[in-house]
Amino acid sequence: MEPQLINEGDQVVFHREGWSRVFQIRKKRQVYLDKTKLDVDSLIGQPYGSTFEVDRGKLVKIEKDASQALSICESSSSPGTDNRNLLDLDSNQRMSKEDIMKMKDEGITGQKIIEELIENSETFKKKTEFSQAKYLKKKTKKHIPVFTVMRPTPRLILEIFSKDPSKICYLRADSLSQLLSYSNVMHGSKVALVETCQGLVLSCLLQRCGDAGKIVQLIPNSTNAICRQVMDYLGFGKFKENVYTFPLDELSSLNDASCSSNARTEVSQTKATEPCNVRPAAAPVEGEQNVTEGSEPDAQTEETADPDSNSSPYVEEQDRNEAAEDDNIKAEEPRGEEDVVMDDTKAERDAKTGDKRSLGPNREAQRQRREARQQEAGVIIKEKQFDSLVIACKYNPMPILLKMLEFMRPSSSVVVYCQYLEPLVECYTSVKENHAGLQLKLSETWFREYQILPQRTHPKINMSGTGGFLLTFITSQRSTDSKKL
Amino acid sequence: MSFSSIKQTVGYGDTVLLHVGYDNMLPMIVTKGMTHQTKFGALRHDSVVGKKFGTRIQCPKGWIYILHPTPELWTLSLPHRTQILYTTDISMVVFQLDLQPGSVVAEAGTGSGSLSHAILRTILPTGHLHTYEFHKERAEKAKEEFHQHGHSGCVTVTHRDVCGEGFQLDHIVDAVFLDLPKPWECVTSAKKAMKKQGGRLCSFSPCIEQVQRTCEELSAQNFSDIVTMECLARHFNIQYAKLQNLSFESSASESTADKETSNRESYSEPPVKSASATLSSSRHKEVKRGGSDSGSHNFPSAVPALNMPGHTGFLTFATLTCH
Numbered sequence: 001m002e003p004q005l006i007n008e009g010d011q012v013v014f015h016r017e018g019w020s021r022v023f024q025i026r027k028k029r030q031v032y033l034d035k036t037k038l039d040v041d042s043l044i045g046q047p048y049g050s051t052f053e054v055d056r057g058k059l060v061k062i063e064k065d066a067s068q069a070l071s072i073c074e075s076s077s078s079p080g081t082d083n084r085n086l087l088d089l090d091s092n093q094r095m096s097k098e099d100i101m102k103m104k105d106e107g108i109t110g111q112k113i114i115e116e117l118i119e120n121s122e123t124f125k126k127k128t129e130f131s132q133a134k135y136l137k138k139k140t141k142k143h144i145p146v147f148t149v150m151r152p153t154p155r156l157i158l159e160i161f162s163k164d165p166s167k168i169c170y171l172r173a174d175s176l177s178q179l180l181s182y183s184n185v186m187h188g189s190k191v192a193l194v195e196t197c198q199g200l201v202l203s204c205l206l207q208r209c210g211d212a213g214k215i216v217q218l219i220p221n222s223t224n225a226i227c228r229q230v231m232d233y234l235g236f237g238k239f240k241e242n243v244y245t246f247p248l249d250e251l252s253s254l255n256d257a258s259c260s261s262n263a264r265t266e267v268s269q270t271k272a273t274e275p276c277n278v279r280p281a282a283a284p285v286e287g288e289q290n291v292t293e294g295s296e297p298d299a300q301t302e303e304t305a306d307p308d309s310n311s312s313p314y315v316e317e318q319d320r321n322e323a324a325e326d327d328n329i330k331a332e333e334p335r336g337e338e339d340v341v342m343d344d345t346k347a348e349r350d351a352k353t354g355d356k357r358s359l360g361p362n363r364e365a366q367r368q369r370r371e372a373r374q375q376e377a378g379v380i381i382k383e384k385q386f387d388s389l390v391i392a393c394k395y396n397p398m399p400i401l402l403k404m405l406e407f408m409r410p411s412s413s414v415v416v417y418c419q420y421l422e423p424l425v426e427c428y429t430s431v432k433e434n435h436a437g438l439q440l441k442l443s444e445t446w447f448r449e450y451q452i453l454p455q456r457t458h459p460k461i462n463m464s465g466t467g468g469f470l471l472t473f474i475t476s477q478r479s480t481d482s483k484k485l
Numbered sequence: 486m487s488f489s490s491i492k493q494t495v496g497y498g499d500t501v502l503l504h505v506g507y508d509n510m511l512p513m514i515v516t517k518g519m520t521h522q523t524k525f526g527a528l529r530h531d532s533v534v535g536k537k538f539g540t541r542i543q544c545p546k547g548w549i550y551i552l553h554p555t556p557e558l559w560t561l562s563l564p565h566r567t568q569i570l571y572t573t574d575i576s577m578v579v580f581q582l583d584l585q586p587g588s589v590v591a592e593a594g595t596g597s598g599s600l601s602h603a604i605l606r607t608i609l610p611t612g613h614l615h616t617y618e619f620h621k622e623r624a625e626k627a628k629e630e631f632h633q634h635g636h637s638g639c640v641t642v643t644h645r646d647v648c649g650e651g652f653q654l655d656h657i658v659d660a661v662f663l664d665l666p667k668p669w670e671c672v673t674s675a676k677k678a679m680k681k682q683g684g685r686l687c688s689f690s691p692c693i694e695q696v697q698r699t700c701e702e703l704s705a706q707n708f709s710d711i712v713t714m715e716c717l718a719r720h721f722n723i724q725y726a727k728l729q730n731l732s733f734e735s736s737a738s739e740s741t742a743d744k745e746t747s748n749r750e751s752y753s754e755p756p757v758k759s760a761s762a763t764l765s766s767s768r769h770k771e772v773k774r775g776g777s778d779s780g781s782h783n784f785p786s787a788v789p790a791l792n793m794p795g796h797t798g799f800l801t802f803a804t805l806t807c808h
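So the sequences go chain by chain: G and Z.
Counting from 1, one number per residue, gives the positions in the first sequence under the working numbering.
Counting from 486, one number per residue, gives the positions in the second sequence under the working numbering.
One or more hints might be untrue.
[Claimed, not checked] Cross-link-like lysine to aspartate or glutamate pairs, in silico, EDC-like; alpha carbons within 20 angstroms at most: (1) LYS460/G with GLU694/Z; (2) LYS139/G with ASP508/Z; (3) LYS163/G with ASP710/Z; (4) LYS681/Z with GLU63/G; (5) LYS441/G with ASP508/Z; (6) LYS537/Z with ASP10/G; (7) LYS536/Z with GLU383/G; (8) LYS134/G with GLU701/Z; (9) LYS238/G with ASP10/G; (10) LYS677/Z with ASP531/Z; (11) LYS35/G with GLU98/G; (12) LYS537/Z with GLU406/G; (13) LYS137/G with ASP710/Z; (14) LYS460/G with GLU715/Z; (15) LYS142/G with ASP710/Z; (16) LYS138/G with ASP710/Z; (17) LYS460/G with GLU701/Z.
Keep in mind that the hints were calculated from the coordinates and are not lab data.
Bound conformation, chain G alone (with noise of 0.2 angstroms):
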């Protein structure tokens, strides 16, 4: 099979070690990245896989034997056997920052640079061979800006939010990917989810079903704007039909044996308080897109693309907002910027928004399609038939859990994650109580990564703290006491 060659439009991840970021590639696009503007041009027709360096803005194809070498230029003078005359001076480095910010000015290469620090620097012969490697290993990666063009997977788009796991409610690759295999979703599965994890959960078990299969994803209102961005990352195309959305403050009447009536009325009634907060309001119209589009014959690549970006304003102000209460210190982090595309202004996108709202049948049909779909949804939790219920969410659980455990078929999984540990005791218990579930377990995960180098084996020196916590179950058939859930 020929390689595959990155195309227009792709959405692409760029990857170093421990550490990726998503673009689209599209012409005359320029991407921030490490503050450094960069043109994207030139990956269009590069197979996926291939590595480059960044050299004053632009991207230079690295072979593969010479990014080996880079790892390897050691140097050749007799190295130090320990450190008990190094002293820890300043003056040790010849060289100030503003002797490398003149050197990369000029052009001089990255290899360049390090050579000359090397050359600079009155310890580094004195150190010894494993210390030597460090502090390369070190200064390569600061001053040779190397990364690998990849296609975006799960595991590389949660490399994404390792700078700020609250957005993603701190899933870990391993919690994430048991909350997977215990959720049993699998080609052709019906799952129940709720989620706020910016869509990577929902991605995720959109990927394991395939192309058949069932999502409804239960959000907490039509009013609210849910967030699914990692959709976007990976392209599902038509498989996004499989993936509904419907509100639990609507579940209620579901029960009702006149169900699809009310469901009409509410429907309709959410259209009449639109008007007035027209913002929330326009949100979950975007959101839907992104789960219709793929049936709209006029669309084009170009269109598609603007949902996401009218709606990302709004929900990144949402998400800071949100991070600012959880914790101080992420809303200092730079969140998106460095990614955010050049041509996209933010006045642009409002300008985009004034146009759309100014469409006023696209958005009529837009919603008579949502209201279509909402009751397709709703048609599918009546059925009482979910083989898989996911709770990955910043909600309290316990109520959603008991809520949707009336629509789950007897034998069906259920994994609830939370970040905090309490709130899985509560649904625990209740679970217990009720006889609502068997193999019930409530874990968290250890998880700590290794160095491996000759001789300097060891755990790495920082390791996450924590990956939230996981409840599952299997659940059992509903006794008549049950009902009391």
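On the provided structure of chain G, position chain Z as indicated by the hints.
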């Protein structure tokens, strides 16, 4: 049949899991006219046919549940022919190998098929698993199991020692999993099995020396992003704990009352059974005391198990870019 797709009701030939208790689950192939002995007495196979999965069945001496098989439940109940991988490691492997429906995977060795079932669940219905086992009987048994579980079309079991003889696959797989005594000897063959556009490799080894040699070989063969990790599940036991409150005033009668209630209601394994017992018993006591118990601090607590597995193996992952 019931592994490869989701079924509503039990039929002949299905593998069902009998849930007898928390740590007691038995696989059973539903066969006409057969009877199965459980700790709650005999269960006639015919009596479960047509029942919905998840149904509670009355046996002479107690209830059992018939559960739909999942790879996770299978891992807990499968007949061990070797050491097996458990769900914590399995999940990480499937996730880090970027598996999805349609992926083609090579696995060595098959062992008891614990990982294989999880891989198959993920790559169904269009993917394929090539699995290798150097022990003839084990290979045959695995083949039989995959057939019973409805996986025949998606899996090829080969009796071969891949150390030495190799995978003999020519650039067709997306991912390779190695659980071998000398994984470094198979890296070349694994690379040849992997698609030209590249893919992911995982090696599972219990010993760090194995990891060391494997990593050296992987980097010599141009694999990148070589990462080694370890993950362990910590299970919590939910119990109502009770801590005695000490008084700062002298009271002769109070101290005797405290003695009765001060013992923590501790429950040894199995964790979950005890938890339910804890809940009901402590509730009753609370009712009896009428909430007037100021002598102790009562609270529900998630207590980690006193003993837990401290090591399974190191997982090493690596990427092969187009080659």
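A quick look at each hint next to the structure:
no.	hint	in the structure
1	LYS460/G with GLU694/Z	17 angstroms, holds
2	LYS139/G with ASP508/Z	53 angstroms, violated
3	LYS163/G with ASP710/Z	19 angstroms, holds
4	LYS681/Z with GLU63/G	16 angstroms, holds
5	LYS441/G with ASP508/Z	12 angstroms, holds
6	LYS537/Z with ASP10/G	45 angstroms, violated
7	LYS536/Z with GLU383/G	18 angstroms, holds
8	LYS134/G with GLU701/Z	17 angstroms, holds
9	LYS238/G with ASP10/G	16 angstroms, holds
10	LYS677/Z with ASP531/Z	50 angstroms, violated
11	LYS35/G with GLU98/G	18 angstroms, holds
12	LYS537/Z with GLU406/G	16 angstroms, holds
13	LYS137/G with ASP710/Z	15 angstroms, holds
14	LYS460/G with GLU715/Z	11 angstroms, holds
15	LYS142/G with ASP710/Z	18 angstroms, holds
16	LYS138/G with ASP710/Z	16 angstroms, holds
17	LYS460/G with GLU701/Z	18 angstroms, holds
Checked against the numbered hints above, the structure violates hints 2, 6, 10; every other hint is satisfied.
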